[in-house]
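Working from the sequences, and respecting the hints, build out all of it.
The listed protein sequences correspond, in order, to chains A and B.
Per the UniProt record's numbering, residue 1 is the first one in the first sequence, and the count goes up by one each step.
Per the UniProt record's numbering, residue 1 is the first one in the second sequence, and the count goes up by one each step.
In short, the hints are calculated from the structure, not lab data.
Please note: incorrect hints may appear among the correct ones.
[Unchecked claim] From chain B, some residues computed to sit far from chain A (all C-beta separations above 10 Å):
hint : residue
1    : Lys43
2    : Arg56
3    : Lys59
4    : Ala69
5    : Thr124
6    : Ile130
7    : Ser138
8    : Lys145
9    : Leu147
10   : Ile151
11   : Lys172
12   : Arg187
13   : Asp199
14   : Glu334
15   : Val338
[Claimed, not checked] Restricting the straight-line Cα-Cα distance to at most 20 Å, the calculated cross-link-like pairs of lysine to aspartate or glutamate (EDC-like) are:
hint : chain 1 : residue 1 : chain 2 : residue 2
16   : A       : Lys163    : B       : Glu302
17   : A       : Lys132    : B       : Glu163
18   : A       : Lys142    : B       : Asp190
19   : B       : Lys217    : A       : Glu158
20   : A       : Lys139    : B       : Asp342
21   : A       : Lys128    : B       : Glu169
22   : A       : Lys132    : B       : Glu188
23   : A       : Lys127    : B       : Glu163
24   : B       : Lys319    : A       : Glu148
25   : A       : Lys107    : A       : Glu91
26   : A       : Lys124    : B       : Glu163
27   : B       : Lys331    : A       : Glu131
28   : B       : Lys166    : A       : Glu131
29   : B       : Lys165    : B       : Asp199
30   : B       : Lys303    : A       : Glu162
31   : B       : Lys319    : A       : Glu140
32   : B       : Lys285    : A       : Glu162
33   : A       : Lys132    : B       : Asp190
34   : B       : Lys283    : A       : Glu162
35   : A       : Lys142    : B       : Asp344
36   : A       : Lys150    : B       : Glu94
37   : B       : Lys304    : A       : Glu162
38   : B       : Lys158    : A       : Glu131
39   : B       : Lys319    : A       : Glu144
40   : B       : Lys340    : A       : Glu144
Idealized CB from N, CA, C, for every residue including glycine.
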Amino acid sequence: MQNDDVIWDVIRHHHCSYMAKIQTGNFCRNPYNVTGICNRSSCPLANSRYATIRDHDGIFYLYMKTIERAHMPNKLWERVKLPKNYMKALEIIDKHLEYWPKLLVHKIKQRLTKMTQYRIRMVKLSKKVREKIMTVPRKEVKRESRREEKALRAAQIENVIEKELLERLNKGVYPDICNYDEEIFNKLLDKNKEEEQEEEEEEEAEVEYVEGDYELEEEEELEEDIEDMGDFLKANNFEDIEGDEDDLEEQPAKKKAYVSYPLKQDDGTEKVRRKGKKVVVEVERDEDMGNRQHNVM
Amino acid sequence: MAKEKKRKAAEEAVDGDDYIEREDKKPKKQKLILASQIKNKEKRSAVYAKLKHEKRVEKHKKIKARDAASKQALELGEEPPEKMVPRTIENTRELDETVCRPDDEELFAGNDADEFSAVLKQQTAPKVLITTCRFNSSRGPAFIKELLSVIPNAQYYKRGTYELKKIVEYAKNKEFTSIIVVHTNRREPDALLLIGLPDGPTAHFRLSNLVLRKDIKNHGNPTSHEPELVLNNFTTRLGHRVGRMIQSLFPQVPNFRGRRVVTFHNQRDFIFFRHHRYVFEVKEKKEGLKDKKSKASQGKTEKKAIARLQECGPRFTLKLVSLQHGTFDTKGGEFEWVHKADMDTSRRRFFI
Chain A
1 MQNDDVIWDV IRHHHCSYMA KIQTGNFCRN PYNVTGICNR SSCPLANSRY
51 ATIRDHDGIF YLYMKTIERA HMPNKLWERV KLPKNYMKAL EIIDKHLEYW
101 PKLLVHKIKQ RLTKMTQYRI RMVKLSKKVR EKIMTVPRKE VKRESRREEK
151 ALRAAQIENV IEKELLERLN KGVYPDICNY DEEIFNKLLD KNKEEEQEEE
201 EEEEAEVEYV EGDYELEEEE ELEEDIEDMG DFLKANNFED IEGDEDDLEE
251 QPAKKKAYVS YPLKQDDGTE KVRRKGKKVV VEVERDEDMG NRQHNVM
Chain B
1 MAKEKKRKAA EEAVDGDDYI EREDKKPKKQ KLILASQIKN KEKRSAVYAK
51 LKHEKRVEKH KKIKARDAAS KQALELGEEP PEKMVPRTIE NTRELDETVC
101 RPDDEELFAG NDADEFSAVL KQQTAPKVLI TTCRFNSSRG PAFIKELLSV
151 IPNAQYYKRG TYELKKIVEY AKNKEFTSII VVHTNRREPD ALLLIGLPDG
201 PTAHFRLSNL VLRKDIKNHG NPTSHEPELV LNNFTTRLGH RVGRMIQSLF
251 PQVPNFRGRR VVTFHNQRDF IFFRHHRYVF EVKEKKEGLK DKKSKASQGK
301 TEKKAIARLQ ECGPRFTLKL VSLQHGTFDT KGGEFEWVHK ADMDTSRRRF
351 FI
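Structural data, given as structure tokens:
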């Protein structure tokens, strides 16, 4: 036997599990509630003739319950699909709820309006691109920072850069660096070429010397070199010969577009120990020395 | 009496005749006491100190012996004993098939056909657009200012609330060659997004260890000359690609008079960025002073050319998180390389 007043009495004064009491008032958690407030007229349990709009996957449905079906909870709620068009949906509501109490119909239409509005907003938001915040487990963060520190220590960046710059200088990439004493510098260019090979041997052990690196330099330098070689040839006699030799040596290599440093060409042994006692032991390589001496006038 | 007996017993025990007797008994176990088991702190530390001293003495001996041997061998004209190479992570790196080889035709063909070839062959000048994430705070603006001074021909645009894809379009219209997006997290620049244009790849780097110019001691001030680029250790194919991408940010004709060098050094997948001004100098090294025994070599001065660096500009490290083909499109884009957690399992495996 269904008596709304009795039901309401029991629910309200004793216990309704759908009621949520907060500071501003009583709310109803029942999914079939139209307004969401715990009210005599809005309670779906205490009204035998009731209707709501619910949203499923972006489609709105009108749910209706009548007292005729009150004894069949399974088939209690009748569902009508509402079109996405707001005006048409209103018409359909009017059609179905023609002879229903005006208050309820009004509430239902209000609910429909609100739901349409938030559906539009949701669609807009989902099209907008928002940044997603991803968290990284602390273990990984720490691991990364540890590895970074060790990599930094292994890298010895300053040394590597200095070596690189010296190599480029010796290759003749820099046309005119205005802060050196010319004579001494040119002499040094010779000596440095010998020592270069020593240095490289050591480097091979430490730094993973990179073909990719060469190529990248090459691209920069190729342009430079081609331009500068021209200047060289015209300007300085001394460097002219040096330049030529370099050119000749390197051009066949350059045709491959990769310069491989003269690797371990020497038959003697050389060591340059950087740390501790600096013992520079040079063993004469007759061939090369011969060549070089030729050019030094 | 008892003492005499004991003495005799001891004497007898020492004799060789008593060995047969000895064998019946169990051999006395030698108790090895670890230094860490001594409870007395003073005694324990004394034992440790002794151990350490012994170790050091041994090590010195070894080194001396090695040096002497090599010296001797050299004097005799023979080959010295092989110098021992310490085992490093770089030495024992896992073999990577994708390491670029010098004679790789495919690589060059790829280079010609890739997105950076236009800039790298100097057909277009690089033009960089720098922007930030939506909320920029604290160190972000300072960092961007410094970036602007490092990269020539770079412009800063405020982010507003534009979508990145729209920004990409906008930049394409204005003929930029790349976009840099600096992302801030917890008031620190956290990530760098490098987008190549017009349809270049998108590289997402994680930024760490940022040190601004004002925090570097004895820093120098960079000029506006075009900098030189140094790219180290980009061995694999992926590394090569990333290297070229970085290269395309900078103009290809450096102005050597400016003596500015920008370095991207890759070590164990961490790309260290440094910005220096350099100077070549002649350094006089007096040889023979260290070898006090030989008087003959005194007074010999060897001159060496060295490069001296003065650091200017920011200092930071990058780590590649993902490389995506095409411009920024996380949902629909094709990722060439993504960092996954299980890539970190081996300490000897690196990808760049």
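Against which earlier hints does the structure fall short, listed by number upward?
none
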